[in-house]
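*Asks:* Sequence lines, in order, name chains A and B. Position 2 (the first sequence) corresponds to 162 in the working numbering; numbering is contiguous. Position 460 (the second sequence) corresponds to 566 in the working numbering; numbering is contiguous.
There's no promise every hint is true.
What the hints assert, rightly or not - Only pairs whose alpha carbons sit at most 25 Å apart, straight line, appear in this in silico BS3-like list of lysine-lysine:
hint : chain 1 : residue 1 : chain 2 : residue 2
1    : B       : K450      : A       : K593
2    : A       : K355      : A       : K344
3    : A       : K337      : B       : K305
4    : A       : K172      : A       : K378
5    : B       : K450      : B       : K327
6    : A       : K304      : A       : K274
7    : A       : K274      : A       : K593
8    : A       : K337      : A       : K355
9    : A       : K172      : A       : K225
10   : B       : K305      : A       : K172
11   : B       : K305      : A       : K344
12   : A       : K225      : A       : K337
13   : A       : K225      : A       : K274
14   : B       : K305      : A       : K352
15   : A       : K304      : A       : K548
16   : A       : K336      : B       : K305
To be clear, the hints were calculated from the coordinates, so they are not data collected in a lab.
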Amino acid sequence: MMPVPSSVPQPKDDFQEELVIRPLHSGDIYASFQFRTLWETDFMRGNKVSHYRLFPKSLGQVISKFSVRELHISFTQGYWRTMQWGQPFLPSPPGAELWVWFQDSVTDVDGTWKELTNVLSGIFCASLNFIDSTNTVQPSASFKPLGIGNVTDHRFLRYATLPREIVCTENLTPWKKLLPCGSKAGLAVLLKSEKLFHSSFHSQAVHIRPVCQDWQCKTTSWELRQTLNVVFDLHTPGQGKLEWSLFKMFSRTLTEACPLASSSKIYIDITDDPQGEQFEVSPATHLLSQAMVLGDRRTFSVYDLTQQITFGTVRSLNLLIRWKSRDMLRPLLHAERYVAGYGLQTGEIHTLMYNNHPYRSFPVLLLDSVPWYLRLYIHTLTVTSKGKDNKPSYIHYQPSKDRVRPHLLEMLVQLPPNSVTEVTVQFERALLKWTEYTPDPNHGFYVGSSVISSLVPSIVAMDTNSTREQPLFSSFFPCKEESSYFMRVYTEPLLVNLPTPDFSMPYNVICLTCTVVAVGYGSLYNLLTRSFQIEEPSPGLAKRIANIIRKMRGVPPL
Amino acid sequence: IIVGVPLWWRTTETYRAWLPVSQINELSNLQLQLSAEVEVVFARGTVTPEQQKKVPLTQIQDEEHTVDGDLFINAVCLVVTKIRRLQGNICLKCVFSRGHSFEVQDMDVYVGQRRTALLRIGAQMRVGKTLDQLLAHLEPRIKQVLQVMSFSHTDISAALSDRVRLSPGNKESIADSMRTFKSSPGYEITFSLLNPDPKSHRLHWDIEGAVQTYIQPLLTKLASVANFSIDSQTLYYAMLGVNPRFDSSLSAYTLHSDSLAHVINPVEARLGSNAASSNPVLNFLLYVPDAHHSPLYIHDRKKQEVPSNAFHSPRWGGIMVYNVNGFYGPEAVFPVDVNINMAKVMGVFLAQLRLLLGVQSSTAPSGFLVAPCGSNGLADWELDRLMWSRSVENVATATTTITSLAQLLEQIGNIVINDNIAEQVSSAVTSLQLAVAELETGNLRFALQYSKEAILASERAFFDPSLLHLLYFPDDQKFAIYIPLFLPMCVPILLSLLKIVSDARQKRREKQAKKD
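Next comes chain A alone, as it looks inside the complex (with noise of 0.2 Å):
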């Protein structure tokens, strides 16, 4: 049998590869790759979906096995930085987050929700199994879907997180396996976690959603986008050039592209320097290419890897740069949060929002998400803005159970321009029972970020054509107008002191009470049972000792 190519079927699914590189103003690097896998089929519709080429076989099982909609899980090592590193292009808290459309046709929500937590912990070797009522919520608003699909039944939307969980090598190793090329080849292969993991920020994710495949929405396909967010810290401060390589970050160079992927590219952000003047990039390329990235028009320089005259005459890619360092915008929007108070019975969580917009105001949703055994005291919710009142326009509270559900807050502010608002709500420390203290209790709880999301108006006007050809980096938040883009924001996450007992308490008492008890015992037992008989006084000492001395005489005692 000879191969016809004209017979070959057009495969119905497609990969690319994308990697973004940016020059942080403080000296550090940012290392963004995206890898995104469409297939043109149908989970939705019952019908089972069993073969597989490059769509990963296990996250397909999963989402046809619980209906799922959309699906978005990050692991998150270390905090982004906004102030110092302006805004990531996929926000993420530290820990792990997930969260879940299901389809309607979900009756159980809830035990569907917890069957999938625990497939995807084992997808992912992490402890996403903790996951249980105590730390899911149903948000209103804040986590609508990014994909194609108007449900806003909030009743399929189930978000946790898990602030305490840490991301390592178990993590990444999976999350590289369902890659088509796996590390073998393309872009992948600079992924290696010694060098990953040694980094200030590290953050991988997985989302999954249905999109459009073309302009018209005729067809649906399953987007399966692959991200992985780096911060390298190679900075060494008292030098005036900063220098970057691929080989000095990853300790890799790249020799090819995969050869599954329809498109591999890198892009390095050279917005600032279009001229080459504080800018060095090696080898040189011509192309050139401007994206819309979080309402800032941004110039990159890109470097196709499909091509074969990328690599040069060495067959190999190592990207070096010098640059200067510069100064960088403010972020419009900007969060920050922590606990005040002392003591350990009642504490204040404090969140600042920072608007900085020179002239216009912009609304903001906030999310907050605490467990029970904080208890919030909502009358004490205030919200200031430049010391005035500024009463949110929409709250969504459902108060905490015990041990059952954790508190949900979600509001809607407007934030006035050049401002910073205040939400301030007290709280008081229950006590836990001695089995629900987690290991290394002194160390304190974890309460998840809250989350920010915010249509932020932008300075430059936006380009909504989705058919165009756009990098991957820019296309994820769906976007609608174009005066505005969507941004969402996660706070740090709080550790609150609760109070802890000593535990080897119940052992003390045990022994306490039981010689207390025997000891009263005992002599209330020897009162009972003695019988008392008036006794001769002894004779004293003295005597005593005259009658020995008397005895040794041999004369009689006393």
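Using the hints provided, position chain B relative to the given structure of chain A.
*Replies:* Just chain B now, with coordinates in the frame of chain A:
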């Protein structure tokens, strides 16, 4: 004390629901009675009408298979002569004919696709023999047919291999019995195409169509035995664990049968476990060697090429090597598009699937001609055979689970037995009893159904997490709690007891002294 002791008793006792222990013990010395009904039909002219009247209506043959000590299986073959319809589901029919319909001369028995076997009377029996002689001649043949078409000793001991240690020395039979998958309510079949070299080969396989045409008919037929689900995936850059050796005489790479054992492990890491169910997975891998290591052939122990270029691994699946280097010339431009011939691949995989599922595990004795299986790849009597052995295996597994659970609960008094566990156990026991009863009457379908239910219920009871809660609450901790309370209290009591005893002795002594 009146208040304290009952209070202490109530607060410290563990809840233990009632378990049908006696029934479990009864089950533990498993006595199965398998019965198969055989209908013998005499072709016209084989027996004279007078003889026909004399033929006994029913005849029962007992056969005892003792498998290791306490457990034995009583196989009853109910031989029913004369043309009579039977109620039972399963009815082997032996058509006793004169033999003119046989084309092959040296064949005595022809086993058909459904449940029919044709027997031929030997030439010496042709004419004028008495009925007793005829029947005596018939009997061993029917026995043989039964062994082929329903169950034999080896089948049963293979099905019970979990419970019974096989006698050592019989290596071949152990390998045979270990090849088939354990009985399970469902199986996942995964076809994986391994392409270690996507740069040079762009492979296309029409797995969807191939599954529909080749695999699905067999699975539809087997639907009563277990649920099957099929999926497929393509894995790139998946390597075998062994470096094949270049054989210059063949100008090909060879993989020796000794090194095949090392092939699977590195591939298995890529295969991924099934996320959606916990049923056992049957893996079928199609390995297309990369361009630099082609062609690749598997050699057996005698250094001969294996014609199918495939091998299977017991209770795991099968691997086939598919060379594509013949499809393009040396001047071809990489990557090359290759369409895989699915008929060839699926033929091999289907044979492996039959082996792994335990169909056709024994070879027919000499003189038997087995009809080739039809379009669905499975004859009716083969399905029956599978159902026999599966039911026996299920019953054995479920009883083992239930008895060991009962033993465990008996030994460790600390374990809490919740009502739902007791419920599961008793439902498992009832299903087991029903399954055994159905086996006795020969209703295979129901027997299999009940035995499956029994397995499910028993496993659910055995692996219930609530059994674990107090399992590791050791006695020394109880002592640690009670000793500080009781030891100081006991000291004065003991001392005063001693004093009383010594006082009593002294008094007695004084009395004796007074008497004296």
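*Asks:* Hint by hint, note whether the structure agrees.
*Replies:* Tested hints:
1. B:K450 / A:K593: Status violated; Cα separation ~65 Å.
2. A:K355 / A:K344: holds, 17 Å
3. A:K337 / B:K305: holds, 19 Å
4. A:K172 / A:K378: Distance ~15 Å between A:K172 and A:K378 Cα, so the pair holds.
5. B:K450 / B:K327: holds, 22 Å
6. A:K304 / A:K274: With a Cα-Cα distance of about 21 Å, the restraint between A:K304 and A:K274 holds, given a limit of 25 Å.
7. A:K274 / A:K593: holds, 24 Å
8. A:K337 / A:K355: holds, 18 Å
9. A:K172 / A:K225: holds, 22 Å
10. B:K305 / A:K172: This hinted pair holds, its Cα atoms lying about 19 Å apart.
11. B:K305 / A:K344: holds, 12 Å
12. A:K225 / A:K337: holds, 21 Å
13. A:K225 / A:K274: With Cα atoms ~13 Å apart, A:K225 and A:K274 stay inside 25 Å; holds.
14. B:K305 / A:K352: holds, 23 Å
15. A:K304 / A:K548: The hint is violated at about 31 Å.
16. A:K336 / B:K305: OK: A:K336 and B:K305 at ~20 Å, within 25 Å.
Hint check: violations occur at hints 1 and 15; the rest are consistent with the structure.
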